[in-house]
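*Asks:* As a plain string of letters, each chain reads:
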Amino acid sequence: MIKLSGIHKSFGRHEVLKGIDLTVNKGEVVAILGPSGSGKTTLLRCINYLEKPNDGEIRIGDFALNAKHAGKKDIYSLRQRSAMVFQQYNLFSHKTALENVIEGLIVVKKIGKEEARKRGIELLEKVGLGAKLDAYPSQLSGGQQQRVGIARALALEPEVILFDEPTSALDPELVGEVLAVIRRIAKEGITMIIVTHEMGFAQDVANHVVFMDGGVVVEEGPPAELFGNPQEERTKQFLKRFSTEPSYSI
Amino acid sequence: MKLDPSFIWTAFLQLWSAVPTTLLITLVSVSVGFVIGVITALARIYRIPVLSQLSSGYVTFIRGTPMLTHLLLIYFGLPMLVDGLSAQFDLGWNSAKIPMIGFAYISFSITAGAYLSEVVRSGLLAVDRGQMEAAWSIGMTTPQALRRIVFPQALAASLPNLSNSVIGMLHGSTLAFTVSVVDLNAKAQIVASTNWKFFESYVAAALIFWGLTILIERFTGLIERRIRVYSKGGVA
Numbered sequence: 001m002i003k004l005s006g007i008h009k010s011f012g013r014h015e016v017l018k019g020i021d022l023t024v025n026k027g028e029v030v031a032i033l034g035p036s037g038s039g040k041t042t043l044l045r046c047i048n049y050l051e052k053p054n055d056g057e058i059r060i061g062d063f064a065l066n067a068k069h070a071g072k073k074d075i076y077s078l079r080q081r082s083a084m085v086f087q088q089y090n091l092f093s094h095k096t097a098l099e100n101v102i103e104g105l106i107v108v109k110k111i112g113k114e115e116a117r118k119r120g121i122e123l124l125e126k127v128g129l130g131a132k133l134d135a136y137p138s139q140l141s142g143g144q145q146q147r148v149g150i151a152r153a154l155a156l157e158p159e160v161i162l163f164d165e166p167t168s169a170l171d172p173e174l175v176g177e178v179l180a181v182i183r184r185i186a187k188e189g190i191t192m193i194i195v196t197h198e199m200g201f202a203q204d205v206a207n208h209v210v211f212m213d214g215g216v217v218v219e220e221g222p223p224a225e226l227f228g229n230p231q232e233e234r235t236k237q238f239l240k241r242f243s244t245e246p247s248y249s250i
Numbered sequence: 001m002k003l004d005p006s007f008i009w010t011a012f013l014q015l016w017s018a019v020p021t022t023l024l025i026t027l028v029s030v031s032v033g034f035v036i037g038v039i040t041a042l043a044r045i046y047r048i049p050v051l052s053q054l055s056s057g058y059v060t061f062i063r064g065t066p067m068l069t070h071l072l073l074i075y076f077g078l079p080m081l082v083d084g085l086s087a088q089f090d091l092g093w094n095s096a097k098i099p100m101i102g103f104a105y106i107s108f109s110i111t112a113g114a115y116l117s118e119v120v121r122s123g124l125l126a127v128d129r130g131q132m133e134a135a136w137s138i139g140m141t142t143p144q145a146l147r148r149i150v151f152p153q154a155l156a157a158s159l160p161n162l163s164n165s166v167i168g169m170l171h172g173s174t175l176a177f178t179v180s181v182v183d184l185n186a187k188a189q190i191v192a193s194t195n196w197k198f199f200e201s202y203v204a205a206a207l208i209f210w211g212l213t214i215l216i217e218r219f220t221g222l223i224e225r226r227i228r229v230y231s232k233g234g235v236a
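Taken in order, these protein sequences are the chains called W and Y.
Every letter in the first sequence is one number past the one before it in the UniProt record's numbering, and letter 219, counting from 1, is 219.
Every letter in the second sequence is one number past the one before it in the UniProt record's numbering, and letter 153, counting from 1, is 153.
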């Protein structure tokens with residue numbers, strides 16, 4: 001279980017997160033929606049401590065970290081319990097697909113090279129890249145890179161995988177293959193938090209949808225409720241843009 | 001005075017004895033300079049208090065003054081410091097015991113460190129911040145991430161500049177003759193003046209320097225080809 005309590009984050013004088021509380025149950029897929037600047041990506045990055053929250057508590061499983069007094073060790077512990085899939089993939093560009101996947105196993109989990117390789121190959125086959133083990137990121141398409149990114153996150157068997165707009169940087173025709181992989185692993189019962197603009201995907205895959213705006217959670221609930229019968233005015237406004245035909249054509 | 005082409009070969013053979021000295025000065029100054037460069041570059045990028053200001057001051061002063069001046073400052077300043085310390089604390093040191101080539105090692109390392117600091121810094125800055133974040137996100141510590149992810153890429157990015165600096169230090173090592181170290185150029189001068197064949201001797205020296213430079217370029221090219229395996233395709 002993941003539990004965030006009172007997460008605050010400011011960049012300078014700009015308060016991006018104004019006290020976020022969020023609970024994610026084991027095996028749940030949570031989609032975070034919201035307009036640009038609503039703080040959803042910052043929240044996700046706080047869970048992995050890529051941004052340091054100013055205040056609040058992050059609990060992943062039996063490990064809790066208080067932002068007010070978190071030491072280096074706590075931060076490393078927290079990061080080992082989660083893994084991130086980035087919008088820009090961020091694959092290690094000097095390492096092959098397989099090396100990318102097994103890097104964490106070898107360096108962090110201290111697993112032997114042979115065993116790590118075996119596991120890495122399995123994972124790359126699972127995301128449909130069994131033929132690209134030795135390809136460097138620059139030799140892969142965006143969709144393939146992102147699938148390696150997902151395999152890299154899976155390799156560590158984290159308690160939660162954080163997806164930061166995993167398809168936003170992709171060509172429209174490559175979005176499908178990445179979403180298909182995420183959908184498949186969601187079915188395996190891996191806990192996931194996904195920041196996304198893919199409304200249809202969120203509706204389809206998520207068990208729980210969170211709508212954020214202005215650094216607070218405006219509304220949350222099961223997808224059927226949030227999409228079908230939003231309670232808050234702001235949510236309705238936001239969702240309207242996705243459900244109605246645009247009044248213009250290009 | 002007439003040109004004596006055959007003496008170029010004679011001089012060439014005689015100059016070989018000085019090549020190890022030239023290479024050693026280059027190797028020591030570049031290696032020590034590289035360590036200084038990495039430390040000062042990291043201090044500046046991560047804005048480590050005090051160390052970062054010291055590093056910036058060091059880089060701007062050394063890059064703002066000629067290499068020959070560094071050598072002369074060390075040559076005249078270091079003995080004062082050593083003898084002063086020795087007298088103060090009764091250490092029994094004596095600056096006369098410092099070999100001449102030691103002055104060259106120390107001063108050229110300081111010179112190389114400042115230039116390499118900039119080379120390393122530009123290399124580190126060329127690595128996308130996302131690489132570090134990805135390493136953190138899979139649970140690596142900062143030192144692990146630097147060592148395994150950032151440094152190899154930074155080194156690759158700074159390779160052309162690095163090779164430039166090595167060549168610069170190789171040629172700069174000729175200044176060591178001012179503190180009576182017999183490097184390649186000094187040897188050429190000796191051969192020249194004992195045989196009264198200046199042009200021929202310096203031609204031989206130039207050819208050796210050129211050859212060494214080509215070796216450095218070839219070596220760089222070899223590594224670059226290996227790096228290009230992953231960097232080709234542009235957008236990473």
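Since the hints were derived computationally from the structure, they do not count as laboratory data.
Worth double-checking, as some hints may not be accurate.
[Stated by the list, open to error] Where chain Y lies over chain W, by a calculated footprint (3+ residues, C-beta under 8 Å):
| hint | segment |
| --- | --- |
| 1 | 85-94 |
| 2 | 100-108 |
[Stated by the list, open to error] Taking CB as the label site, the calculated pair distances span:
| hint | chain 1 | residue 1 | chain 2 | residue 2 | range |
| --- | --- | --- | --- | --- | --- |
| 3 | Y | PHE61 | W | LYS26 | 57 to 63 Å |
| 4 | Y | GLN53 | W | GLY19 | 50 to 56 Å |
| 5 | W | GLU233 | Y | GLN53 | 28 to 34 Å |
| 6 | W | ARG183 | Y | ILE39 | 46 to 52 Å |
| 7 | W | GLY112 | Y | GLU224 | 50 to 56 Å |
| 8 | Y | THR69 | W | SER36 | 28 to 34 Å |
| 9 | W | PHE242 | Y | PHE61 | 55 to 61 Å |
| 10 | Y | LEU24 | W | GLY71 | 43 to 49 Å |
| 11 | Y | PHE151 | W | LYS73 | 22 to 28 Å |
| 12 | Y | ASP128 | W | LYS118 | 29 to 35 Å |
The beta carbon of each residue, even a glycine, is placed where N, CA and C say it ideally should be.
*Asks:* Compare the structure with each hint and give your call.
*Replies:* Right, here's what the structure says about each hint:
no.: 1; hint: 85-94; result: holds (count 7)
no.: 2; hint: 100-108; result: holds (count 4)
no.: 3; hint: PHE61/Y <-> LYS26/W: 57 to 63 Å; result: holds (59 Å)
no.: 4; hint: GLN53/Y <-> GLY19/W: 50 to 56 Å; result: violated (38 Å)
no.: 5; hint: GLU233/W <-> GLN53/Y: 28 to 34 Å; result: violated (53 Å)
no.: 6; hint: ARG183/W <-> ILE39/Y: 46 to 52 Å; result: holds (48 Å)
no.: 7; hint: GLY112/W <-> GLU224/Y: 50 to 56 Å; result: violated (33 Å)
no.: 8; hint: THR69/Y <-> SER36/W: 28 to 34 Å; result: violated (55 Å)
no.: 9; hint: PHE242/W <-> PHE61/Y: 55 to 61 Å; result: holds (60 Å)
no.: 10; hint: LEU24/Y <-> GLY71/W: 43 to 49 Å; result: holds (46 Å)
no.: 11; hint: PHE151/Y <-> LYS73/W: 22 to 28 Å; result: holds (24 Å)
no.: 12; hint: ASP128/Y <-> LYS118/W: 29 to 35 Å; result: holds (30 Å)
The structure does not agree with the numbered hints 4, 5, 7, 8 stated previously, though it agrees with the rest.
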